[in-house]
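Each chain is listed here by its residues.
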Amino acid sequence: MSAPHELVIRGGTVVDASGERRADVRVVDGEVVEVAEGLEAPGSATVLDAGGCVVAPGLVDLHTHLREPGREEAETVESGTRAAALGGFTAVVAMPNTDPPLDSAESVRNVYALAQGAMAQVAVAGAITVGRAGERLAPMAELAALGVHLFTDDGDGVQSAGLMRRALQYATGLGVVLGQHCEDRSLAAGGTMHEGAWSSRLGLPGMPSEAEEVMVARDIALARATGGRVHFLHLSTAGSIDLVRRARAGGVPVTAEVAPHHFTLTDGYASGYDPVFKVNPPLRPQDDVDAVKAALVDGTADAIATDHAPHAPELKDLPFDQAPPGMLGLQTALALAVTELDLPLARILALLSWQPAVIAGLDPAGGGTQGGTVATGSVANLCVVDPTATWTVDPTALASRSRNTPYAGRTLTGRVRHTVLAGEPVVIDAEAQR
Amino acid sequence: MSHFPAHLLSMDDLDADAIGEVLRVADSFAEVGRRANPKVPALRGRTVATLFFEDSTRTRMSFETAAKRMSADVLSFSAGSSSVKKGESLRDTIETIQAIGMDAVIIRHSSSGVPARVAEWVDHCAVVNAGDGWHQHPTQALLDLYTVRQSLGGGQEGTDRFDGLRVTIVGDIRHSRVARSQITAYAALGAEVTLVAPATLLPPSLDGWPIAAVSHDLDAVLGATDVISLLRLQAERGSGAYVPTMREYSAGYALTARRALQLPPEAIILHPGPMVRGVEIASEVAELPSARITDQVGNGVAVRMAVLFLLLGQGSLDGAAA
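Heads up: the sequence lines are chains X and G, in that order. To convert, note that position 6 of the first sequence is 6 in the working numbering; the numbers rise steadily by one, no gaps. To convert, note that position 128 of the second sequence is 128 in the working numbering; the numbers rise steadily by one, no gaps.
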């Protein structure tokens with residue numbers, strides 16, 4: 001299905017960075033042309049019912065593992081963007097830890113080519129270092145020239161403080177952002193879950209909170225010294241949150257994302273040794289979960305990012321210490337936020353749409369079409385959310401090629417009803433249209 | 001045979017009553033082991049598989065002897081000689097073995113939690129944990145309890161409780177599945193457990209552990225110890241990096257002849273084996289009458305017979321041990 005000439009979304013409440021108002025939305029040739037109450041729809045127009053729903057800018061995921069190229073049995077650009085669209089996302093930032101890694105112009109162009117016709121916009125995060133090996137800088141200017149705005153060695157942190165400082169200095173000249181997966185290898189190596197009461201009891205090697213926090217502290221110091229922009233990926237501990245809160249109060253240019261599993265699940269979920277609960281950074285105790293939630297409430301966290309990390313079922317049947325870390329996230333993120341966070345929907349949408357769009361450089365001010373206000377002249381990247389609908393997570397019904405959701409059987413409130421990508425309704429009534 | 005669990009995965013699965021039952025049933029089977037023909041029909045027609053994904057001669061022999069003395073058919077499966085080497089997944093291996101038809105699988109694995117996962121995957125098949133990673137080794141703890149009970153006056157009225165017994169566990173507790181099982185087991189029977197180790201060889205958190213004390217000074221606790229259990233420094237798990245040198249470790253934590261003299265006269269010395277003489281225990285200490293290390297091995301067969309019987313057996317114990 002291609003974009004209809006004319007699309008009218010009727011009966012909803014428009015919510016975006018400018019506020020909320022009862023309005024219908026008319027889209028012609030992919031562009032919003034009218035936002036007003038009581039719009040008529042000609043017989044030729046496609047009409048989407050938004051009664052009882054919120055019409056918002058499409059969600060933007062700062063942290064998606066699409067696995068292609070290299071791990072197509074776990075996910076592809078096609079299956080991953082279908083999951084994204086069903087989750088209300090109109091853009092995802094694809095992480096570079098593919099095989100080969102996204103550390104060259106050729107590999108970035110390849111992902112862009114794979115993403116032609118995908119069900120969500122795919123932005124690429126480039127690697128900071130060649131091969132994500134942490135030894136020498138990737139050609140960041142070449143990648144930036146292709147539109148890459150976020151760089152990260154995600155999956156690993158940049159271990160060398162000296163190299164990270166150099167990368168930040170270099171990045172200042174390019175206007176790009178460096179995303180850090182904070183994990184000090186000398187503290188975390190061999191760890192399989194949060195180091196604490198549960199890991200001690202279960203006899204599993206742990207990753208202490210300090211493994212994350214020492215790198216957060218280090219990179220705050222480096223950001224302060226260089227003026228380079230650091231974005232902290234998936235922060236998971238109370239200590240990390242506190243460091244970021246104080247850094248920002250002191251004017252250091254850092255931003256932070258948190259993942260839904262870190263505000264919904266504790267390390268105790270690993271007690272049955274099911275690797276579906278294995279993730280990096282690991283699930284933490286309740287105090288950390290509470291701190292992550294507080295960070296979303298007080299604005300220390302700028303975004304909710306899924307860290308959608310598909311893994312083939314046979315890999316999640318390995319013993320806990322051998323199974324790869326990671327969880328699906330695209331189709332459950334919004335509902336988990338609605339269900340678990342004590343925040344108005346407009347704040348949740350800010351955390352999932354326009355704030356991450358700015359960090360990714362995909363917002364209108366950054367030259368993109370994501371996360372902007374729903375207004376005449378904007379590109380129609382939209383999601384329509386029913387904030388009161390409930391649904392039960394069924395791993396086999398997810399669009400991902402993998403099944404590793406830790407929320408199987410959970411009933412959640414808040415459902416993505418329609419998703420519109422550049423004027424095309426790619427999801428209608430929670431069904432993917434292609 | 002009240003509330004015996006379907007699987008034995010952890011000492012947490014057994015309450016004091018269930019532990020007492022294992023010890024009493026083991027008494028009957030110990031008697032069987034002393035006969036000229038040490039065999040009873042208790043598990044005739046039942047099939048038991050040992051699945052050892054990690055090398056272990058003594059534990060496997062102990063379990064297989066236990067099963068055979070009860071007339072069970074025993075299949076022996078080791079990772080080195082099996083399809084596991086060809087890349088078969090753990091889950092497929094378990095499903096294959098279950099399709100052949102097993103009443104019990106006895107599993108050892110270097111990864112914590114594998115027996116618990118397997119227990120979720122099987123139907124109508126008891127899973128016995130024969131040691132998983134750093135997590136648990138419940139039959140080792142049970143045979144320690146049996147050995148201690150024997151030395152306290154074996155099977156007499158009141159000896160199924162260890163109230164007031166002072167147990168000291170020394171060594172690499174961090175990486176020890178034996179210690180995790182022992183601590184739960186001794187505490188369940190009322191003993192006071194003290195852990196002695198350098199801080200680097202303790203678990204990162206002891207929150208909620210049923211222990212009386214932690215010490216870094218072995219000499220200070222020896223005089224108040226009724227049972228001392230020594231653990232091997234698990235060099236193959238990288239424990240060597242947790243202390244500066246083996247010499248320094250031994251100087252602080254080995255049970256030397258001089259230290260053994262500080263124990264009360266009735267105290268007994270246990271070691272789950274294999275021992276590294278000269279590192280955690282002096283050779284001459286291992287030979288003392290108070291060292292019950294060989295008894296532990298012998299008792300292991302009777303205790304494992306009891307565990308298999310309680311998991312699989314039907315009918316009365318009187319008939320089973322006859």
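You may find that some hints are simply not true.
Unchecked claim - A few chain G positions that, by computed beta-carbon distances, are all more than 10 Å from chain X:
1. Pro38
2. His109
3. Ser112
4. Gly113
5. Gly153
6. Pro204
7. Asp207
8. Ala212
9. Asp217
10. Ser290
11. Gly298
Stated by the list, open to error - Derived Cβ-Cβ restraints for the label pairs, each shown as a range:
12. G:Asp15 / X:Ser271: 44 to 54 Å
13. G:Val214 / X:Ser186: 23 to 33 Å
14. X:Arg185 / G:Val214: 50 to 60 Å
15. X:Thr396 / G:Gly208: 30 to 40 Å
16. X:Asp242 / G:Gly208: 18 to 28 Å
17. G:Arg247 / X:Pro313: 45 to 55 Å
18. X:Gly227 / G:Asp12: 28 to 38 Å
19. X:Asp290 / G:Arg277: 43 to 53 Å
20. X:Ser160 / G:Arg277: 57 to 67 Å
21. G:Glu95 / X:Thr392: 56 to 66 Å
22. G:Ser78 / X:Arg185: 47 to 57 Å
23. G:Asp12 / X:Glu106: 52 to 62 Å
Calculated from the structure, these hints are not laboratory results. Heads up, the beta-carbon is just placed ideally off N, CA and C, and yes, glycines get one too.
Verification of the supplied hints:
Remark: the non-interface label on Pro38 (chain G) is consistent with the geometry, its nearest Cβ contact in chain X lying 35 Å away (cut-off 10 Å). Distance check for His109 (chain G) against chain X: the nearest CB is about 7 Å away, which does not clear 10 Å, and the non-interface claim fails. Interface exclusion of Ser112 (chain G) from chain X breaks down, the closest Cβ pair being 4 Å apart, not more than 10 Å. A beta-carbon of chain X comes within 10 Å of the beta-carbon of Gly113 (chain G); the shortest separation is about 3 Å.
Every C-beta of chain X lies more than 10 Å from that of Gly153 (chain G), the closest at about 33 Å, which supports listing it as non-interface. Not every beta carbon of chain X lies more than 10 Å from that of Pro204 (chain G), the smallest distance being close to 5 Å; the non-interface claim is violated. Non-interface status of Asp207 (chain G) relative to chain X is broken: a Cβ of that chain comes within 10 Å, the nearest being about 4 Å off. No beta-carbon of chain X comes within 10 Å of the beta-carbon of Ala212 (chain G); the shortest separation is about 18 Å.
Distance check for Asp217 (chain G) against chain X: the nearest CB is about 22 Å away, which clears 10 Å, and the non-interface claim stands. For Ser290 (chain G), the condition that its CB be more than 10 Å from all CB atoms of chain X holds, with the nearest at approximately 30 Å. At roughly 28 Å, the least C-beta separation between Gly298 (chain G) and chain X is larger than 10 Å, which holds for a residue marked as non-interface. Under the hint 44 to 54 Å, the C-beta atoms of Asp15 (chain G) and Ser271 (chain X), about 19 Å apart, miss the expected range.
Distance hint check: the CB atoms of Val214 (chain G) and Ser186 (chain X) are about 26 Å apart, consistent with the given range 23 to 33 Å. Range check, Arg185 (chain X) to Val214 (chain G): about 29 Å between beta-carbon atoms, so the 50 to 60 Å window is missed. The supplied range of 30 to 40 Å is met by Thr396 (chain X) and Gly208 (chain G), whose beta-carbon atoms lie about 37 Å from each other. As the Cβ distance of Asp242 (chain X) to Gly208 (chain G) is approximately 26 Å, the hint placing it in 18 to 28 Å holds.
Between Arg247 (chain G) and Pro313 (chain X) the beta carbons are some 49 Å apart, a value that agrees with the proposed interval 45 to 55 Å. In this structure the hint that Gly227 (chain X) and Asp12 (chain G) lie 28 to 38 Å apart at CB is violated, the actual value being about 54 Å. Between Asp290 (chain X) and Arg277 (chain G) the Cβ separation comes to about 51 Å, which falls inside the hinted range of 43 to 53 Å. At about 44 Å, the CB distance of Ser160 (chain X) to Arg277 (chain G) disagrees with the hint of 57 to 67 Å.
A hinted range of 56 to 66 Å for the beta carbons of Glu95 (chain G) and Thr392 (chain X) is inconsistent with their spacing of about 28 Å. Taking the beta carbon of each, Ser78 (chain G) and Arg185 (chain X) are about 34 Å apart, not inside 47 to 57 Å as hinted. A hinted range of 52 to 62 Å for the beta carbons of Asp12 (chain G) and Glu106 (chain X) is consistent with their spacing of about 54 Å.
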